[in-house]
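Kindly generate the complete structure, drawing on both the sequences and the hints.
Heads up: the protein sequence lines correspond to chains A and B, in order.
Under our numbering, residues 1 to 583 are what the first sequence spells out, in order.
Under our numbering, residues 1 to 210 are what the second sequence spells out, in order.
Derived from the structure by calculation, the hints contain no laboratory data.
Take the hints with a grain of salt, since some may be wrong.
Unchecked claim - Non-contacting residues of chain A with respect to chain B, defined by C-beta distances greater than 12 Å in every case (computed):
{"no.": "1", "residue": "Glu-11"}
{"no.": "2", "residue": "Val-39"}
{"no.": "3", "residue": "Leu-170"}
{"no.": "4", "residue": "Gln-208"}
{"no.": "5", "residue": "Gln-272"}
{"no.": "6", "residue": "Val-354"}
{"no.": "7", "residue": "Glu-372"}
{"no.": "8", "residue": "Val-425"}
{"no.": "9", "residue": "Ala-487"}
{"no.": "10", "residue": "Leu-501"}
Said to hold, decoys possible - Computed spacing ranges between beta-carbons, pair by pair:
{"no.": "11", "chain 1": "A", "residue 1": "Asp-46", "chain 2": "B", "residue 2": "Trp-16", "range": "54 to 60 Å"}
{"no.": "12", "chain 1": "A", "residue 1": "Asp-152", "chain 2": "B", "residue 2": "Pro-132", "range": "33 to 39 Å"}
{"no.": "13", "chain 1": "A", "residue 1": "Pro-43", "chain 2": "B", "residue 2": "Ser-105", "range": "37 to 43 Å"}
{"no.": "14", "chain 1": "A", "residue 1": "Glu-72", "chain 2": "B", "residue 2": "Ser-105", "range": "33 to 39 Å"}
What you are looking at is a predicted structure, and each value in this text was computed from that prediction instead of being measured.
A virtual CB, placed ideally from N, CA and C, is assigned to each residue, including glycine.
Chain by chain, the residues:
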Amino acid sequence: MLQFDVTEEAENHVRVRVRIKSASNAGFPGMSFEQVYAVFDIPFTDDASIENILHCYTFLYWLKMDPDVVAERIGRLEPVEMRLELKAGIQRSILINDAYSNDLSSLRIALQFASQHRRNRKMILILSDILQSGLQPQKLYREVAEIIAAFDVDQLIGIGTAIEHIRNHLPESTHFNVYSDTAAFFQQLPQYEWHDSLILLKGARVFQFERIARRLEQKAHKTVMEIDLGALTHNLQVYKRLLQKNTRMMVMVKAAGYGAGTAELARLLEFQKTDYLGVAYIDEGIELRLAGVKLPILVLNPEPSGYDALYRHELEPEVYNLSGLKSLMDFAGTEKKIRIHLKLDTGMHRLGFVEEDLPLVLSQLEVHQNLEVKSIFSHLSASDNPAHDAFTHQQAFIFQRMYSILVKGLGYHPLRHIANTGGIVRFPEYHFDMVRLGIGIYGVDSCGIQDQLQVVNTLKATISQIKVVDAGETVGYNRNGPLSEKARIATISIGYADGFLRLAGNGRYSVWVADKKAPTVGNICMDMSMIDVSDVPQASEGDEVIVFGKEIPVEDLARCLQTIPYEVFTNIAERVKRVYFQE
Amino acid sequence: MAYTIHEIGDILGGRWLQKASPDNPVEQLLLDSRHLSHSTNGLFFAIRGVHHDGHQFLQEAYLQGVRNFVVDRNTEYPELPEANLLLVDDSLLALQNLAAAHRQSFSYPVVGITGSNGKTIVKEWLYQLLEPDYDAYRSPKSFNSQVGVPLSVWGMQDHHHVAIIEAGISRRGEMARLAAVIQPNIGIFTNLGQAHSEGFSSAAEKSRKK
Chain A
1 MLQFDVTEEA ENHVRVRVRI KSASNAGFPG MSFEQVYAVF DIPFTDDASI ENILHCYTFL
61 YWLKMDPDVV AERIGRLEPV EMRLELKAGI QRSILINDAY SNDLSSLRIA LQFASQHRRN
121 RKMILILSDI LQSGLQPQKL YREVAEIIAA FDVDQLIGIG TAIEHIRNHL PESTHFNVYS
181 DTAAFFQQLP QYEWHDSLIL LKGARVFQFE RIARRLEQKA HKTVMEIDLG ALTHNLQVYK
241 RLLQKNTRMM VMVKAAGYGA GTAELARLLE FQKTDYLGVA YIDEGIELRL AGVKLPILVL
301 NPEPSGYDAL YRHELEPEVY NLSGLKSLMD FAGTEKKIRI HLKLDTGMHR LGFVEEDLPL
361 VLSQLEVHQN LEVKSIFSHL SASDNPAHDA FTHQQAFIFQ RMYSILVKGL GYHPLRHIAN
421 TGGIVRFPEY HFDMVRLGIG IYGVDSCGIQ DQLQVVNTLK ATISQIKVVD AGETVGYNRN
481 GPLSEKARIA TISIGYADGF LRLAGNGRYS VWVADKKAPT VGNICMDMSM IDVSDVPQAS
541 EGDEVIVFGK EIPVEDLARC LQTIPYEVFT NIAERVKRVY FQE
Chain B
1 MAYTIHEIGD ILGGRWLQKA SPDNPVEQLL LDSRHLSHST NGLFFAIRGV HHDGHQFLQE
61 AYLQGVRNFV VDRNTEYPEL PEANLLLVDD SLLALQNLAA AHRQSFSYPV VGITGSNGKT
121 IVKEWLYQLL EPDYDAYRSP KSFNSQVGVP LSVWGMQDHH HVAIIEAGIS RRGEMARLAA
181 VIQPNIGIFT NLGQAHSEGF SSAAEKSRKK
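Written as structure tokens, this is what we have:
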């Protein structure tokens, strides 16, 4: 048995002593035999990394690897980059850096991820030699070429001495250049055209593709909203599990995907075989179509002035009153085929037909058979609040009654749906043909399943400057609250114009720095805020600050801003860069 | 290791609903009609999941060139005229059995990594530590589920010296099935944190499973 003891903790490493312990078997109970086997340094100081390395160490001991070799290799371990990340690249390109491993299966995974996000972009693959595949170069690179062809890579930049073997197997449409090493390519890099392309970097570690990545990355945006696509998928599955097998799901991606950005989400949802998307405006729907999304899209507030675009992009309007129905009919005539969705008001008293309207609706639709009623739906006002359950049941009852009237008149059964995020969890009896998932997919729940959901959105800023300010001084506009004692004040790159509202100022909210909360000081400014990092001595300029995310739930900020997470998300300004990633 | 579809039929048992070309080589195992790249020498497993039933996507796969299928729905498949069609009791189990049989053809050490946190990091670090003098195989990215593990194991080849396979479990009974596929010579349990505690009645039960 190995016993590990940490004998020394330094700033950037810990020293570990390994002893072999074995119980004496010579009839001396309680006696044990031990000897120091090795001493080595771990180039990390956090508990998780130390524990993980001790697991590795134990395995290598079992393999009987020379302890000196093990110690030397552990000393050179680098952090594992676990996720594929989409970054903004130079010349409006998108960059995916997977420069940590390079084998056939990880190449395929990276290309899948890339093609999910390429839209109409040209795809450029920068690929190093593939080492240790165990295959003959001819066979290996023929396989690589097949993979590349399957994903329609437009341009291949090969780096290394073996990758030349791929040339004869590539489709003619793939441009191919090859460089003997990273440095040779680096010199030619400025000659390349990267405009609007998607660049995938895939290189074995020894080729040091990090250098290329740094060069191709757009200068870091200081304030970003990170969107975890893996968490989004997880949350989608959590809600799907609550449905009967044949119940469809519409996901609301309106308001720019509740602040997360629309097109990327929509493509993911399409990939996950969601049935329908919902947007608020025709423009939002067009954006999705231009991004290549083919799913049916419901538009909740279609303006008559946009009907032509709506028709051309095969968007499906909600129709909620007689004048809207009339203007749509005027546009459609008796020829243009349009799928429509009838919205019923069952108690929300926002948009929707009331029961008295229905005979007229039916007689109009009788004339215009080219308008197909794809669904009939309504909205629950308080599905997440048990205090109003009686009202919710009443809404559902009215909905069913109105639905029957319409079905009788139409002679067919459009999809029937009323359940929103709260309704999905709390009212399975009202799932009907389809449900509409909104904020839940973004990881926010108020119906008791919060612990099953994962955090999707993380809002991050950066520390621009740190200074020590004396007691009695004030920080920021209007000289609020003189400091009672000397404090270390950090200025961070987020302000009310980004969506970090003034209500969060003057200590009413704390952000996450290193591994602690640090309260705001003084008023929030337009583009910046100040926080007190006196208790976070390790905080330094350039460090990341988390405004909300896993560490601090968005609900905390919502409470502080006297609102709900919906409003916090949708308030995040467009100028805050969205970064999408997948573990 | 190269298999023909005929040999795979022998490994899996089951009944041929249709046998068009028994000598078709099989290199890739396919589960998802959206991800087909090596279609012609692929074998598609129609697995019934919670949300999707692989049988719905047979034709889509066929149109992309797939000619070998394992199904567990005993019916007619007129849309797949020139395919080899093997009917089994449970496609997921068949996938796992095939991977388990493939695993048995190698005698080099196989390490199984499981636990709540850090599996992938331990796997990647082990790979970095072994890489200079071992031709190590490791499961790709996060292929650690009931279907991911068989796919991982399927990637093991003769030339490797050691295989590092990650296994995730979230529900009772899953570990036993994955262990049968991986048949590890040695296991690593990374820390049993709280990350995946849903589905287990107690922490004690959880550590017993690992």
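Hint-by-hint comparison with the structure:
With a least CB separation of 21 Å from chain B, Glu-11 of chain A remains clear of the 12 Å interface cut-off, as annotated. Residue placement check: Val-39 of chain A keeps its beta carbon more than 12 Å from all beta carbons of chain B (closest about 17 Å). The beta carbon of Leu-170 of chain A is kept farther than 12 Å from every beta carbon of chain B, the shortest such distance being approximately 15 Å. Listed as outside the interface, Gln-208 of chain A is consistent with that label: its C-beta sits roughly 15 Å from the nearest C-beta of chain B, beyond the 12 Å cut-off.
For Gln-272 of chain A, the shortest C-beta to C-beta distance to chain B comes to about 9 Å, within the 12 Å cut-off, and the non-interface label is violated. The beta carbon of Val-354 of chain A sits about 36 Å from the closest Cβ of chain B, which is more than 12 Å, so the claim that it is off the interface holds. Consistency note on Glu-372 of chain A: stated as away from chain B, and its beta-carbon is indeed over 12 Å from all of that chain's, at 24 Å minimum. The beta carbon of Val-425 of chain A is kept farther than 12 Å from every beta carbon of chain B, the shortest such distance being approximately 16 Å.
The beta carbon of Ala-487 of chain A is kept farther than 12 Å from every beta carbon of chain B, the shortest such distance being approximately 35 Å. For Leu-501 of chain A, the condition that its CB be more than 12 Å from all CB atoms of chain B holds, with the nearest at approximately 33 Å. In this structure the hint that Asp-46 of chain A and Trp-16 of chain B lie 54 to 60 Å apart at CB holds, the actual value being about 55 Å. With their beta carbons about 36 Å apart, Asp-152 of chain A and Pro-132 of chain B fall inside the hinted range of 33 to 39 Å.
As the Cβ distance of Pro-43 of chain A to Ser-105 of chain B is approximately 38 Å, the hint placing it in 37 to 43 Å holds. Judged by the Cβ atoms, the range 33 to 39 Å given for Glu-72 of chain A and Ser-105 of chain B holds: they are separated by roughly 34 Å.
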